[in-house]
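Enquirer: Take the given structure of chain U and dock chain H to it, following the hints.
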Amino acid sequence: MRDEHTELNKKLQDSFDTKLAKRVGELTSVTKALQEYEDAIENRDELTAMLNDKTLDAELRALAEEDFASTAGTIDELSQNIQKSLVPVHPFAHLPALIEIRPGTGGSEAQIFANDLWKMYMAYCNLRGWPVSVVSTQENEGADGLIEGIFEVTNDGAYGELRLEAGVHRVQRIPATEKQGRTHTSTATVMVLPSFQTTEVAEGEEDPDSVIDMKDVRVDIMRARGAGGQHVNTTDSAVRMTHIPTGLVAAIQDTRSQHKNREKCLQVLKSRIAQKRRDEREAEELAIRRGAAKVGAGRSDKMRTYNYSQNRVTDHRAGFSLHDLPSCMEGEGLEKMIEECKKWKMGEEVEMLALSS
Amino acid sequence: MPRLPTTLLRRASKLSPHLPTLLKVCRSLDSAQIELKWLKEHAKTPEELQNFVYRRGELNEPLQYILGTQPFGATEILCERGVLIPRAETEEIALHLAGLLKSGMKVVDLCTGTGCIPLLLAAEKQVSTVGVDISPIALSLAMKNLEHNKEVLRGRAQFLMGDVLSDIEETAYSVQACFDEMEEGHESVDVVVSNPPYISADGYNKDTARSVRLWEPKLALEAEHDGDHFYPKIAEIAEALGARAIVAEVGGWEQARRVEGYWRQLGWSGTNVWEDFAKKGRTVVAWNQGGEWVKDGPNAAQ
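One line per chain: the protein sequences are U and H, in this order.
Numbering (this note's numbering) for the first sequence: -16 to 340.
Numbering (this note's numbering) for the second sequence: 29 to 330.
By construction, these hints were calculated from the structure, which means they are not laboratory data.
Only true hints are included.
Derived lysine to any residue pairs resembling SDA-like cross-links, with alpha carbons at most 25 Å apart: (1) H/K308 x U/R201; (2) H/K130 x U/M197; (3) U/K328 x U/H299.
For each label pair, taking beta carbons as the anchor points, the in silico distance ranges come out as: (4) H/E69 x U/E19: 52 to 62 Å; (5) H/T35 x U/V115: 32 to 42 Å; (6) H/E179 x U/G112: 21 to 31 Å; (7) H/K68 x U/Q155: 33 to 43 Å; (8) H/E212 x U/I130: 57 to 67 Å; (9) U/Q121 x H/P74: 16 to 26 Å; (10) H/E179 x U/V333: 50 to 60 Å; (11) H/E175 x U/K259: 40 to 50 Å; (12) H/W321 x U/M105: 39 to 49 Å; (13) U/V115 x H/R55: 28 to 38 Å.
Just so it is clear, CB atoms sit at the ideal spot from N, CA and C, and this is done for glycine as well.
Bound conformation, chain U alone:
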C-alpha cells in the first residue's frame, strides 16, 4: 500500500489527474498512520535495548523507563489509528447533500416537529458556514408545520458530514395544541441523499449510481386543457418525472420557471435513484455480513429522541445523550451530537473490518 502511495505521488507530480489525486488522498492517511506506528515501534525497540544495557546509569534508566511506559500507550493508540484509516471512506462522502424532511406519525404535531427539525438543520448549516439552497417546501394548512421540505447543502463533503442524520427522529413533548397537558410522542423522517448535480457529467466525476438514460425518464408537464399555445396564458410550471425501470417519481412546482423546475426535478430524481441503487447494494452487503456474524443491524427505527420535558436529546445508536435540548435545536449542540454519531459509526466499521479480515 505504501509502495502504491509513493508510486502514485510520483505520477501525480508528472501529471495531475483527479482520480489519481483522490486515491492518493485515501492512501495518505493510511501511510501516515503506518509511518507513525513504525516510528513508535522503533522507538520502543531502542528503549528496550537501553534498558537491557546493564551499564546504563540510574538517572538515565529512570528516564528511559518513563518513556517506555508512555510509548507503549502510544503504540496502542496508533494501532487503532491504522484500523481507523483502513476503514474505507464512504464512496459519496465527498458530495453535497440533499436533505428531505417529512412528518411521520402524530398528525399536525409531527408537521410542527418536522418544521422544528428544518429550522435546526438550517441553524446548524448556518453555524458551520455551509451554503444551503432550498429545493422545495410545502407548508401545512396552518402554516406552522411542514408537509415536505427538501434542501441542499451545496458544499462538497456535506453528505459525508450529514449522512448519519438519516432516520426516524422522535419527539416527546406537550404540543402547543394540547389542552390537557399530556405528553405526546410524534415522529419525523429525515432522508439524507448524496446530491448528484446535473453538471457533474462534464467533469468525468459522476458516480455510476446516478447515471440514468434519459430515454427511461418520462416527463409530465401539467397539460394545458384546450388549445394551449397563444389561446391561454397559464402559469402552471409543475414538472413530474418518472424513472420507468425503477418506478421512482419526482415532482417539483416550486418556481414559476418550468425550465428550473425541470432541472431541480431531474436532480431530485437522480439522487433518489442513486440512493435506491445504493440501498440495494447495502442490503446485499448487509445480508453477507449477517451471514458472517450478528453485527450491525440496519438502520433502527427511532434513531434519536428529542425529549422536551427532560431537556434531553438521545441518539439511540450512539448511546449518547445531550442534556441541553435548546442548544441542539439551535445547531451548536447538534454539532456535538453528530461528532458522537461519527465516532459510533467509526467504531462499528472498525468492528466490521476486524470481522471480515
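Expert: This is chain H only, laid out in the frame that chain U set:
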C-alpha cells in the same frame, strides 16, 4: 364555465381569505395556492397583496402582468400590457432550437414581441440574432429585455421595426443591414423563426381564455385567412434572406398540415411538424439543402 363546488370554496376560505378569489381564475386549489405564494413573495404590504389578488381573481389580469415577469429558459422576460406573454410551448420550442444551433449561426425572429425567443437563443448559444416586430410597444419592451438579460447572454441580439405582411423586401433589407453592422462579410441568415399571430377570428371568440381576450393584444393573436395569413410571408422573407431553415409556431395539427402545404408549394424541399409536450402539433419546420438539421422536434420518437 362550470360553477366551483361550494365545498371547495369553503375549504379554500379556511386556508386563506384570498384563495376563493384566486380560485375563480385558477380553477384548482393547487394552482390557486401556488399563485398565492408567488403573489405573496412579490407583494410588499398586505394592502398590495389584496390589490394583486383582486386584479388576478376578479379582473382576470394575467399573473405575468401583475408580477411583471415570466421566466423563459435561462432568461427572465419583462412583461407589460400591450405585448403577448411568452408561453410555455414557445419556451419548449426555443430551448429545443437552441440545442440544434451551432456557434456563429445567424437567426431572425419575426413577430418577436417581448424578444423572448432571440434572447433565449442568445443566452443558450453564441449566436447572432435579429428580432423584428411591427409594434412600437413590443419593440421598446424587447429593448428593455435585452438590457435586463445582458448578464446571461452569450450571443448577440438586436431588434428592429418591420412589417412582415406588406413590406417583404424592405424588411429583408433592414435585417441584412443589421447583420452587416454586426459582422463583416455577412452573406446569409441560417434560420428564420417566428411565433406569429395564428388564431382565426372564430377561434379568437371561442377558444381563447378570458384572461387572454381581456388583457393581451389582439394584434399578437389573431390573423386573417383562418389564422394562416403570416406563414407564406414568413417563408418568402426566409427565402429573401437566404435562410435554409424555418421554424414557426402554429395552433394545432390542422393548421400545421395547412402550413406544410403552403411551404411545399413555395418550393421548400422538406417539412415536418414538431409535437409539443401536450402532444399537439405545435411547430412547423421547413428546410432546403443544408437546413435538414431542423427536422426533429423535442418530443420526436427515438
